[in-house]
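There are 2 protein chains.
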Amino acid sequence: MFILNNSDSVPLYKQLYNQIREHILSGKLPADTRLPSVRDMAIELSASRNTVDGAYQELYAEGYLYSKPRSGYFVSALDQDVAPQTLSGKPSKNDYLPGPPSNFAYDFHPARLHPESFPTELWRKCFVESLRRNSQQLVQYGDPQGDWGLRCSIQSYLERSRGVLCDPDQIIICAGLQQSLDIVANILKESHSVVAVEDPGYHLPRFVFQNHSYTIVPVPVEPDGIDLNHLKASNSTIAYVTPSHQLPLGYVMPVANRLALIEWAASGGKYIIEDDYDSELRYHGKPIPSLQGLRPTGNIIYSGTFSKILSPALRLSYMVLPYSLLATYRQRYQTYFPSVSLLEQRTMAHFMEQGHWERHIRRMRMIYRKKHDILLQSIETHFGKRAVVIGHGAGLHVVLMLPDTSLSEVEIIGRAQQKGIRLFPFSDFHVTGQPETTTLMLGFGGMNSIKIEGGISILSQIC
Amino acid sequence: MFILNNSDSVPLYKQLYNQIREHILSGKLPADTRLPSVRDMAIELSASRNTVDGAYQELYAEGYLYSKPRSGYFVSALDQDVAPQTLSGKPSKNDYLPGPPSNFAYDFHPARLHPESFPTELWRKCFVESLRRNSQQLVQYGDPQGDWGLRCSIQSYLERSRGVLCDPDQIIICAGLQQSLDIVANILKESHSVVAVEDPGYHLPRFVFQNHSYTIVPVPVEPDGIDLNHLKASNSTIAYVTPSHQLPLGYVMPVANRLALIEWAASGGKYIIEDDYDSELRYHGKPIPSLQGLRPTGNIIYSGTFSKILSPALRLSYMVLPYSLLATYRQRYQTYFPSVSLLEQRTMAHFMEQGHWERHIRRMRMIYRKKHDILLQSIETHFGKRAVVIGHGAGLHVVLMLPDTSLSEVEIIGRAQQKGIRLFPFSDFHVTGQPETTTLMLGFGGMNSIKIEGGISILSQIC
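Protein chains in written order, with my numbering: chain A, 1 to 463; chain B, 1 to 463.
All clues stand as given, with none of them false.
Partial list, computed: chain A residues near chain B (C-beta under 7 Å):
no.: 1; residue: G63
no.: 2; residue: L78
no.: 3; residue: R112
no.: 4; residue: G176
no.: 5; residue: S339
Pairs of lysine to any residue, SDA-like flavour, derived with a Cα cap of 20 Å:
no.: 6; chain 1: B; residue 1: K125; chain 2: A; residue 2: R132
no.: 7; chain 1: B; residue 1: K451; chain 2: B; residue 2: H382
no.: 8; chain 1: A; residue 1: K125; chain 2: B; residue 2: N134
no.: 9; chain 1: B; residue 1: K286; chain 2: A; residue 2: R21
no.: 10; chain 1: A; residue 1: K189; chain 2: B; residue 2: T215
no.: 11; chain 1: A; residue 1: K125; chain 2: B; residue 2: E129
no.: 12; chain 1: B; residue 1: K189; chain 2: A; residue 2: E190
no.: 13; chain 1: A; residue 1: K286; chain 2: B; residue 2: Q19
no.: 14; chain 1: A; residue 1: K14; chain 2: B; residue 2: S161
no.: 15; chain 1: B; residue 1: K419; chain 2: B; residue 2: G454
no.: 16; chain 1: B; residue 1: K370; chain 2: A; residue 2: V139
no.: 17; chain 1: B; residue 1: K286; chain 2: A; residue 2: G63
no.: 18; chain 1: A; residue 1: K189; chain 2: B; residue 2: I216
no.: 19; chain 1: A; residue 1: K68; chain 2: B; residue 2: D224
no.: 20; chain 1: B; residue 1: K125; chain 2: A; residue 2: N134
no.: 21; chain 1: A; residue 1: K125; chain 2: B; residue 2: Q136
no.: 22; chain 1: B; residue 1: K189; chain 2: A; residue 2: N186
no.: 23; chain 1: A; residue 1: K419; chain 2: A; residue 2: A105
no.: 24; chain 1: A; residue 1: K125; chain 2: B; residue 2: T120
no.: 25; chain 1: B; residue 1: K68; chain 2: B; residue 2: P36
no.: 26; chain 1: A; residue 1: K286; chain 2: B; residue 2: L12
no.: 27; chain 1: A; residue 1: K189; chain 2: B; residue 2: F207
no.: 28; chain 1: A; residue 1: K451; chain 2: A; residue 2: H114
no.: 29; chain 1: A; residue 1: K189; chain 2: B; residue 2: Y214
no.: 30; chain 1: A; residue 1: K286; chain 2: B; residue 2: P11
no.: 31; chain 1: A; residue 1: K286; chain 2: B; residue 2: R21
no.: 32; chain 1: A; residue 1: K189; chain 2: A; residue 2: S324
no.: 33; chain 1: A; residue 1: K451; chain 2: B; residue 2: V139
no.: 34; chain 1: A; residue 1: K286; chain 2: B; residue 2: G63
no.: 35; chain 1: B; residue 1: K451; chain 2: A; residue 2: V139
Covered by chain B, per the in silico footprint, the following chain A stretches (three or more residues, Cβ under 8 Å):
no.: 36; region: 115-125
no.: 37; region: 248-256
These are calculated hints, taken from the structure and not from any lab test.
Glycine included, each C-beta is placed from N, C-alpha and C at the ideal position.
Generate coordinates for the entire structure from the input sequences, incorporating the hints supplied.
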């Protein structure tokens, strides 16, 4: 009935297991059939008792067999209609395969960093040191809120460089803004259901809050930031803002509006989410201090990231919760585990403690300032008065308005693509309506000077 | 009015900025006051024009000043009632500081791994190699679903070792079970609202689904797994189960029940979440194959982790979604970013490709089998017939029932603590009611043989 093959790479007991299993599942061995004893089966197959016993034990452990004391093993009753199936009926794999990687000569994507910018050698050293020091810690779960040492380093950096005043206790290490917002959406949802977002504005907060069943209220952005009258007139009780460098328009919210926004939040337990995603990158004058620092005890949730300066692929960010939300956070997340690898957290802490982080910021600021200036010069040279640049002086992109062109953004993106130029659609930032003027978003982080100049030259010919 | 100090470490322009800012915020400089010209102020302070211009520029950029063409800078109107505050009013830091680390001589916590078990040297090599190969990739966001190479390695491992049949397309790399369940809760919530969980069972799924506003239905666990009649009688349309090693009782769900559970899910678009958290650790006989492998096209969400064998601090796990959920997943998460560091993902992929992962499993299985056997022997020696052990033969803990003791679990945990023994409360696994018999949970991963024997000896004297 069963045949074992000594030259097969599958172990003998497993061969026997497979064959008996198949007989049971196909119904060839009906329920309650008594199997030969281990001894008899071993003789029949010219196999060792261990082989037979191994197969029987596994079939028994998985429930294909049952045993009766002093009677041996019997086939279990299985419902044949629900027998196992293979993958044959699955959809074609090709339906889901990712497309080939895009290959553009000129990539104006706003989320690209300088290609050689990751401090590989320093990171390697900090990692090896952190692994050496912490290998004993790797056998247990760490602090769900994040490594204490890293939180202390971030606290000190934020106070010194961003004017954020907080305790390490208020800091939560996250794997990117999406996770911070997930937590915020979760801990606020008992008493909040409407979120105001900037329009135009970053799309991720809209998606995350929608995924948590919030209503999204788009609020227009003026050159002094989110329109406060519009915000006050809405029924939203949470406002997501980018006050130090509005995404995508690059505006800075002046202090009067910041104070008014804080006052709005203070009246009636509303909350401000301050996304301070790239404020280290300010090319003329010093970085704009955070909104949180104006009212450290206010209802402000501050979010920062290492994605723009160091690497978006490390998935390392942080959030400062106001004390008023800490209890709810801890109650809801008490059984959760950390979201970021302890090794990566300790590596980052070490990187900061050694002073590498702030040196790296300065280095990056110089590199991007150069690219930024070349971009502006190229636009001046090739577009002249045909283009108006807004949002310059900071970050990794500028916004280009083309009041005279008859082409739509979609048409320009299409033409650009044919010339090997990748543009990220500015219209994706719009929640309602579209800009009246054709507007392009130009990220400059990922290209060198020659590419920037070349890309703008080509772009000026097709717009 | 303003005094600059050349020997102060704060730059001169910043000193001036700070002093003017303070005058504006305190009202000493009222709104619409015209500031002296840069030239006049420089003469007054005996400072350079650059110093004054730097201070003015920053105050202007932040909105403390406004400018009129050819008239200079004026103080902006700020609402003094809402002026910035410092941290003085914040709650005492000590209210939130974590307590001192607990220091137990005997730690029976079930989530502790063997202290020297992390493969530090191999991990370092794989990390350095992955950093060398991928430093150029670190300047952009990676695949939100996880690195393709790691997904291929996991697919191959799952097929070979766990009988899971899937495509790498179906695999999502996650930062632990909590994130997998977050995603599942999110993509199922449009058409599902009730989740069945095992009782007793793991607490994390209850918390995550509660955080997504699901109703939790506890279903009793029998020696053949979750009670199917009870499940069918409930109105739940999602079942979270641990079929290969029930947490905490250690039972294996036999194949007949697995097939019946699959059939339950197939009738009416219900879903099974199979948490296969530690099935690699089976000490007698081979690991029990997955439930997913019985019906790869069924409504089964399979979850696995590297936490139990490699390290819980790395935060590295994976989930296999059925094809029926992939479209919804992609639609809801299209704008999200990956959750796990690319470097860690590539390190793990490299670790698997080199064969280290499966060698490490075998090594860990031997180490834990030895600890497991010593624990059972110690219980036999010290408790004799006073204790009944269940859930042995697999994983990192066993369950000890003490039918004769008059002490409650809480009393025993308290007494044990006084003797330097840490016990994890078994009652935490119970959703409803409590076990009739006093029951202890004994994790053995974190202690060596002498500690295990010693701890059990002391425990037997206080129970």
